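S.K.: Each chain is listed here by its residues.
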Amino acid sequence: MTDRLYEGADWDFTTLQRIHDACEEIAEKELGLNVYPNQIEVITAEQMLDAYSSVGMPLYYKHWSFGKQFAHQEASYRKGLMGLAYEIVINSSPCISYLMEENTATMQTLVIAHAAFGHNHFFKNNYLFKQWTDADGILDYLDFAKGYVAQCEEKHGRAAVEQTLDAAHALMSHGVDRYPGKKSLDLRAEEKRAKERRNHEETSFNDLWRTVPTGRAKSASLLSAERRRALLGLPQENLLYFPEKSAPRLKTWQRELIRIVRHISQYFYPQGQTKVMNEGTATYVHYRIMSRLHQTGQISDGNFLEFLQSHTNVVFQPNYDDRRFSGFNPYALGFAMMQDIEKIVTDPTDEDRAWFPDIAGKGDAMAVLRDIWANYRDESFVSQFLSPRLMRHMRMFHLHDDPAVSEGIRVDAIHDERGYRRVRRVLARQYDVGLIDANIEVVDVDLAGDRRLMLKHSVLNGALLNEPDAKRVLQHLADLWSYDVSLAEVDASGLVLKEHVAHPRVMAAAA
Amino acid sequence: MAMHIVDRRLNPSSKSLENRQRFLRRAKALVQGAVKKASQDRDIKDVLEGGEVSIPLDGMNEPRFYREGGIRDRVLPGNVKFVEGDYLQRPQSKSGRSNDAGEGDGEDAFRFVLSREEFVDIFLDDLELPDLSKRKLAEVENEGLRRAGYTTSGSPANISVSRTVRLAMARRVALQRPRPEAIAQLEAELEHCSDERRPELLAEITRLKSKMRRIPFIDPIDIRYRRFENVPKPVAQAVMFCLMDVSGSMSEHMKDLAKRFYMLLYVFLTRRYRKVEIVFIRHTDRAEEVDEQTFFHGPASGGTLVSSALQAMHEIVQSRYRPADWNIYAAQASDGDNSYADGDLSGRLLKDMILPVTQFFAYLEVGESGSHPFEMSESSLWTLYQRLRAEGAPLSMRKVNDRSEIFPVFHDLFQRRQAKERVAP
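Protein sequences, first through last, are from chains A and B. Just so you know, the first sequence maps onto residues 1 to 511 in the working numbering. Just so you know, the second sequence maps onto residues 1 to 425 in the working numbering.
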């Protein structure tokens, strides 16, 4: 029988160390997790509120919007409308977890298992985080950003800096690269490729091709338009990258500020795409670790009950008609799917075998889960691993709301044989970033005329942009671009549904 | 694997204070409006406690591109009764974007809590003390040290190394002290040179060496010390006289009005002066200096002689608050009754003794709530003071009947001067 890690609710730093070591033992030996080194920081409730208002980051540049957020959150916290999170974890190396000092020892154990091992493993191994974020560099970068912004304020005035940051923040949600960048071409490889192409042409020369009719040659103006777009790197979906590189009248420091906002936006991009998986992973990990600690007698029955109560709260999923309902709870859905996968791998039913031939009955649940955690994001995860059993269990159904249909909202599919695949497909789409954010691109610039910047919103399912907000964002973009900006909302057939235009205001920086 | 535990609890906690200030600055006009509005509904005591205000979101919003309307597909949990092909009624109340709460401006107003300091700051932001010219440098609270350049003598602890070395270098350059490398180079040359050049080189080396000895690396005249001097730190101080008639005709309501006014004045003064003293003088037909409790709540009865209070104030000023050292403020509250015979004496006292030494003298005539100020006949004190004012005495006077009028009156009295000047020319 192993000794208890702690008794009662009290803890001190040696307790935390013991808890961490016990969790680490299970995480590494039993679950096979691979994590960044951990740094655990104990903070007060007020500091937690502070952290909230700077998106959880330990350091951030100064901006009024964070103050606004803080004021708002503080008000609702004081009124008791909002509880604080038990922890915040940062995707960095070392991986920083904030623990609130008010937590009991059991809560600290839960939080360490959840954040310092669950999230930490996910950050280190998931392909999106590997591809898009630099865990080693983020804190240094934020430090740089903070210093740089302060320096700019001193040099160019607070108003000018604020104006640029405001504009960049407005475009932040569309300031990410959604696909890995084109690698710059290796000249030697390029030469080799050209030679191969020539060889291929020579060996497969056939005079017949000359006689095949082709379309009309492109006109000169069309060609030059294409060339212009290619030179400007258009179309461009990153609405921060484009002004940063091409806005004609921005100062160097303004470009750098936009770049900072863009980098930070990119850093958070994977988190939005992996909410269900990330929380599912962390919840599954803490559940496994806590259960094992209890099994080996390292935490008492009473403390385990305390844990179960918090755990149950965390994975609670209200039904659609419940007052508390606000969409799928990523903890609940993620955890349920992880447990479901464990069952499919270790104890499959015939249905599981039919639906998941690759993993059903493979035996080693952790190996399968680790592989999934590394190689999927929410959309692909749901679309591949949501099982009929879970759909039945959560009683999922698909609603199709077409404003043109007067009868109301149609129930398109429910959890039955006919509906499983459709429900799963629609739910997966709900997590598809390509569909969550409006698809807006910079398509062209009228260089010969009034230098108007042209944007296009490819309208999906008839959902237009909220007009007042779109106008304000566009205004910000016009300020950066310093000439007119127009945004056309175009549906799939090419029909322009709506058009917005913004004229630049005088930037404070110009003074 | 190595794990670190860091205790951040002792870190400075209000990391976002700066952001908060930026936010308040940006929303200044809006917050000011909200504070004014909030202060109307509340008691003054509560007003100064700070608290929640709400401002319209407009102008403070952070716009984003987001979509609304259109055809929407959703998967929801918890189906118990529907089968494929059923139709649900659309919820009527919410228009279109019911489910995407949290995006955009979900609320019309933005609510947050101001601290007491912030509240008072904003509350009194556009007010100013009249006649600040007499602010005296008095009551030296402490003396501070201040850097005051360099000196050629001092304690070794205060040697300024960088300044000393800089001076030494300047001197060495100016006097062309030979550099050790130059001598070393000559000596190296000496070892391999021809015989005829040797004496010449030797002489040169000796000359350089002796010159080097004559001009030391650091000379006592190079040495500089950091100099400090004592600076008196001035403290502006003020005293506030509260004069009140406590004769039988003053009701609790009237006293309450007076108290509120004094309170505002006190808060206002404490923001401008480090040290503010209060003197409470109550009077019937004779005056006495009392503590705050007695002032507001102590029972008293008798006739009314305003001159007694003015006399008492004059004596206290004479004995304790030299006008040269103190900024003197006085606020008098009364229902306006005064015995007829006292008028002349009061007028003289005020004009000759009190007003010349005070920065500001306010007379507040309090009445019963509900009675309209214009319906009241002019009281004897009001008539007296008005006459003095007409003769050019710097007196401020207002009538107040209701709690809600206290702040507007106060605000009116202390409004920034520029506003008046703009009207005047």
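Simulated from the structure, these hints should not be mistaken for laboratory data. Quick caveat, the model's predicted, so the values are computed rather than measured. All C-beta atoms in this analysis are idealised placements derived from N, C-alpha and C, irrespective of residue type, glycine included. Please note that a few of the clues may not be correct.
Listed below are the simulated DSSO-like cross-link pairs for lysine-lysine, each with C-alpha atoms no more than 30 Å apart in a straight line [to be verified]:
{"no.": "1", "chain 1": "A", "residue 1": "146", "chain 2": "A", "residue 2": "245"}
{"no.": "2", "chain 1": "A", "residue 1": "155", "chain 2": "B", "residue 2": "28"}
{"no.": "3", "chain 1": "A", "residue 1": "471", "chain 2": "B", "residue 2": "28"}
{"no.": "4", "chain 1": "A", "residue 1": "146", "chain 2": "B", "residue 2": "28"}
Counterexamples of contact, computed for chain B against chain A with all Cβ distances above 10 Å [stated by the list, open to error]:
{"no.": "5", "residue": "7"}
{"no.": "6", "residue": "26"}
{"no.": "7", "residue": "75"}
{"no.": "8", "residue": "78"}
{"no.": "9", "residue": "156"}
{"no.": "10", "residue": "183"}
{"no.": "11", "residue": "192"}
{"no.": "12", "residue": "210"}
{"no.": "13", "residue": "218"}
{"no.": "14", "residue": "230"}
{"no.": "15", "residue": "279"}
{"no.": "16", "residue": "285"}
{"no.": "17", "residue": "339"}
{"no.": "18", "residue": "345"}
S.K.: Over 10 Å to the closest beta carbon of chain A is the bar; see if residue 75 (chain B) clears it.
M.R.: 4 Å, violated
S.K.: Checking the smallest CB distance to chain A, is residue 210 (chain B) really beyond 10 Å?
M.R.: 54 Å, holds
S.K.: Can we confirm that no CB of chain A comes within 10 Å of the CB of residue 78 (chain B)?
M.R.: Violated, since 3 Å does not exceed 10 Å.
S.K.: Please settle this one: residue 192 (chain B) was flagged as non-interface, so is its CB more than 10 Å from every CB on chain A?
M.R.: 56 Å, holds
S.K.: Between residue 146 (chain A) and residue 28 (chain B), is the straight-line Cα distance small enough, at 30 Å or below?
M.R.: 25 Å, holds
S.K.: Confirm or reject the statement that residue 339 (chain B) sits farther than 10 Å, beta carbon to beta carbon, from all of chain A.
M.R.: 55 Å, holds
S.K.: Tell me if the straight-line CA distance from residue 155 (chain A) to residue 28 (chain B) falls inside 30 Å.
M.R.: Roughly 24 Å between the alpha carbons, so the hint for residue 155 (chain A) and residue 28 (chain B) holds.
S.K.: Taking the shortest Cβ-to-Cβ distance between residue 345 (chain B) and chain A, state whether it exceeds 10 Å.
M.R.: At about 56 Å from chain A, residue 345 (chain B) clears the 10 Å cut-off, so the statement holds.
S.K.: Any Cβ of chain A at or closer than 10 Å to residue 285 (chain B), or is the non-interface label fine?
M.R.: Fine: 52 Å to the nearest Cβ keeps residue 285 (chain B) off the interface.
S.K.: Verify this label for me: residue 183 (chain B) is non-interface relative to chain A, using a Cβ-Cβ cutoff of 10 Å.
M.R.: 48 Å, holds
S.K.: When you look at the beta carbon of residue 218 (chain B), is every beta carbon of chain A farther off than 10 Å?
M.R.: Holds, since 39 Å exceeds 10 Å.
S.K.: Say whether it holds or is violated: residue 156 (chain B) keeps its Cβ farther than 10 Å from all Cβ of chain A.
M.R.: 38 Å, holds
Checked against the numbered hints above, the structure breaks hints 5, 6, 7, 8 and satisfies the rest.
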